[in-house]
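Protein sequences, first through last, are from chains A and B. Here the numbering used here is used: the first sequence runs in plain steps of one and ends on residue 1658. Here the numbering used here is used: the second sequence runs in plain steps of one and ends on residue 926.
Everything labelled a hint here was simulated from the structure, so no lab data went into it. Just so you know, not all the hints are guaranteed correct.
[As the list claims (entries may be wrong)] So these bits of chain B aren't anywhere near chain A, every CB distance computed over 12 Å:
#, residue
1, A615
2, L639
3, G651
4, R825
5, L895
[Said to hold, decoys possible] Here are the computed distance ranges between Cβ atoms for each label pair:
#, chain 1, residue 1, chain 2, residue 2, range
6, B, Y915, A, A1544, 31 to 41 Å
7, A, A1558, B, G815, 27 to 37 Å
8, A, A1378, B, L706, 34 to 44 Å
9, B, L589, A, P1644, 51 to 61 Å
10, A, W1434, B, L706, 34 to 44 Å
11, B, G815, A, D1547, 25 to 35 Å
12, A, A1558, B, A600, 31 to 41 Å
13, B, R825, A, R1652, 25 to 35 Å
14, A, T1559, B, R601, 48 to 58 Å
15, B, L639, A, G1436, 29 to 39 Å
16, B, Y915, A, L1595, 35 to 45 Å
17, B, G815, A, A1562, 30 to 40 Å
18, B, G782, A, G1369, 52 to 62 Å
Just so you know, these numbers come straight off a predicted model, no measurement behind them. Even glycine gets a Cβ: it sits at the ideal position worked out from N, Cα and C.
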Amino acid sequence: MTAGIIKTSDGRWSPVSRSNRMRSLWLAALFALVIVLLAASVTVGTRNVGWDDVAAAMGGAQNNIDRASVALRIPRTVLALLAGGALGLAGAIMQGVTRNPLADPGILGVNMGASLAVVVGVAWFGMSSLYAYIWVAILGAGCAAIFVYAIGSLGRGGATPLKMALAGAATSVTFASMVIAVVLPRGDIAGGIHSWQIGGVGGATYERILRVLPFLLVGFVISLLSARKLNSLALGDELATGLGESVATARAVASLGAILLCGATTAICGPIGFLGLVVPHLCRLLVGVDHRWLLPFSTLAGACLLLAADVLGRIVARPAEIDVGIVTAMIGAPFFIWIVRRQRVRDL
Amino acid sequence: MTAPSSTLAVVIAHRRKRARRHHAIIATLLTLVAVTFGVTLSIGQSITPPSDVLRVLLGEPVPGASFTVGQLRLPRAVLSILAGLCFGLGGVAFQVMLRNPLASPDTIGITSGAGAAAVFAIVVLSMTGPMVSVIAVVAGLGVALLVYALSFRNGVAGTRLILVGIGVSAMLQSVIAYILQSAPAWNLQEAMRWLTGSVNGAQLGQALPLLLALIFFGGLLLVRGRDLETLRLGDDTAAALGTRVSNTRMLVIVAAVGLIASATAASGPIAFVAFLSGPIAGRIVRNDGSVLIPSALTGAVLVLAADYVGQHLLPSRYPVGVVTGALGAPYLLYLIVRINRIGGS
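Turn these sequences into a full structure, and let the hints guide you.
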């Protein structure tokens, strides 16, 4: 398959497209990986559980510790699957919409915006229902996205990756200190400060997942349907317009999908960063840059990575746990630096 | 023959005018620091008359005032000023060197490095007092060097330095979160102080090392101030003007990080002071000379005023870092409006 390989500016050979047979193989492999990780997520942890107990717990039995812990791990696993998929997909969309290799809901401050909105809602407006959380988080994510894009795209040269990343980092720092400002005088909710700074999937329940599911589904559908539009955008604004694509609408619709995904995820898990950065880059190596393949791949790979990070967080510090947001940052930040080092300065 | 000499006279007069304006700005800022200092000392939960404040400062025992002013307010105000000076100077050095108003030590990892080390020392190694500060300073420098090394590829470009800094900062934040997650409750309070930045419980003993750091690193920066200002013009132009670019950059990084890390060690990372002082001072100074000293003074005013607001003017008491942190969002908004108008980078 040499026809689909081009030489990039830094002298590397990189795949633009792969044969569909290759892609299908990778897709099957990813599905298999998801299943293996699902199994691992249910069985591995502070207490490792045998298969017979898992089977019994699936049937609703909770009459010994192993079975009870499985019953707790199942919603957690489902949440990790959904959140990972959502963040991976959102990252791919953001990188496509901004044509920026460093875009990620964490780095661009979108997750922190959702976090701040929820904290303000809880502390000042006595918000308590889960639906309110989700709506407010989505609203916060949207405002943060617009805010960061506005700061990052002003001045000479438009929205360069550097300016976007800096605007996102500065906004994140601001929002993080505002979260502290809101929560600090409120002893009754202060126990939760930490959970609004670093995301985790430990607090999952079926009820929460069911509530957030409609939002995620809408987000998934909008995002996955915008693949063709993102392909046009990748050609540059002028060429895309020339091909009959309404560039502004395409950007707005795709971003809406990503914001729904990030906001809903953050409402349940708290801010989880770097997943959306790593996943699309890895997937591009596997399937090339065609968004019709890249988006579903990013969804699956995001789910894999978050499940793996969650399992890893449970194993490393036994018997304690490390929140999955910490694990993804520890994996993702070096990756971010690697991408930065790989690019030439002029391209940033 | 009169034409050239009169041009010369105009240039000289203009330079004198600029220098006078620069001195006037510094004098005004100094007065502002002094006034804020005076207000902080005399007005608090109770009001102490200025005469009593003066007597306490001169070392006379005054019943009541000796305690409230001498023991409570004075150390706090002194530490605020010193920390503000350090943050203001260190922050503006970074912004000038990297030619970007958003590239402050808050965003590129220096503060998180010092903070992570301090939290580690407090929670895991159960340390207290000066040792924590030493570790924070060393770690701040270490992180700066790490960022420098990671962004080294045929020389260090400012752009890459900023981006690598953001990545390293994110990692350190998650280290901090992890340590706090496993921290026992009795250490949590002290550790939180390291994350928000506060001058609560300040003692005059803390001020001395900070003062020494300020004199040493600040002096280093001011001596090389002219070279630093040429970096503002771009690396190539600076080199053409005779500045040794990488040498200057290395030196500025060490000095600025020394300032930031020492201040962080004493008061915790008071958010956004390093970030805000430079641009505010830049607006005041415009083109009338160096922005370094005005920025340091602006930092001092900011910390003093924010601490006062957090202590006395808000419904509940906030540490100073929370108040300055809340200033960050309006500033970013302002930056949008301003950059939009002038089209800067």
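Hint by hint, here is what the structure shows:
no. : hint                            : in the structure
1   : A615                            : 29 Å, holds
2   : L639                            : 38 Å, holds
3   : G651                            : 29 Å, holds
4   : R825                            : 21 Å, holds
5   : L895                            : 9 Å, violated
6   : B/Y915 with A/A1544: 31 to 41 Å : 34 Å, holds
7   : A/A1558 with B/G815: 27 to 37 Å : 34 Å, holds
8   : A/A1378 with B/L706: 34 to 44 Å : 37 Å, holds
9   : B/L589 with A/P1644: 51 to 61 Å : 58 Å, holds
10  : A/W1434 with B/L706: 34 to 44 Å : 38 Å, holds
11  : B/G815 with A/D1547: 25 to 35 Å : 29 Å, holds
12  : A/A1558 with B/A600: 31 to 41 Å : 51 Å, violated
13  : B/R825 with A/R1652: 25 to 35 Å : 29 Å, holds
14  : A/T1559 with B/R601: 48 to 58 Å : 57 Å, holds
15  : B/L639 with A/G1436: 29 to 39 Å : 53 Å, violated
16  : B/Y915 with A/L1595: 35 to 45 Å : 42 Å, holds
17  : B/G815 with A/A1562: 30 to 40 Å : 37 Å, holds
18  : B/G782 with A/G1369: 52 to 62 Å : 58 Å, holds
In terms of the numbered hints stated before, the structure departs from hints 5, 12 and 15, listed from lowest to highest.
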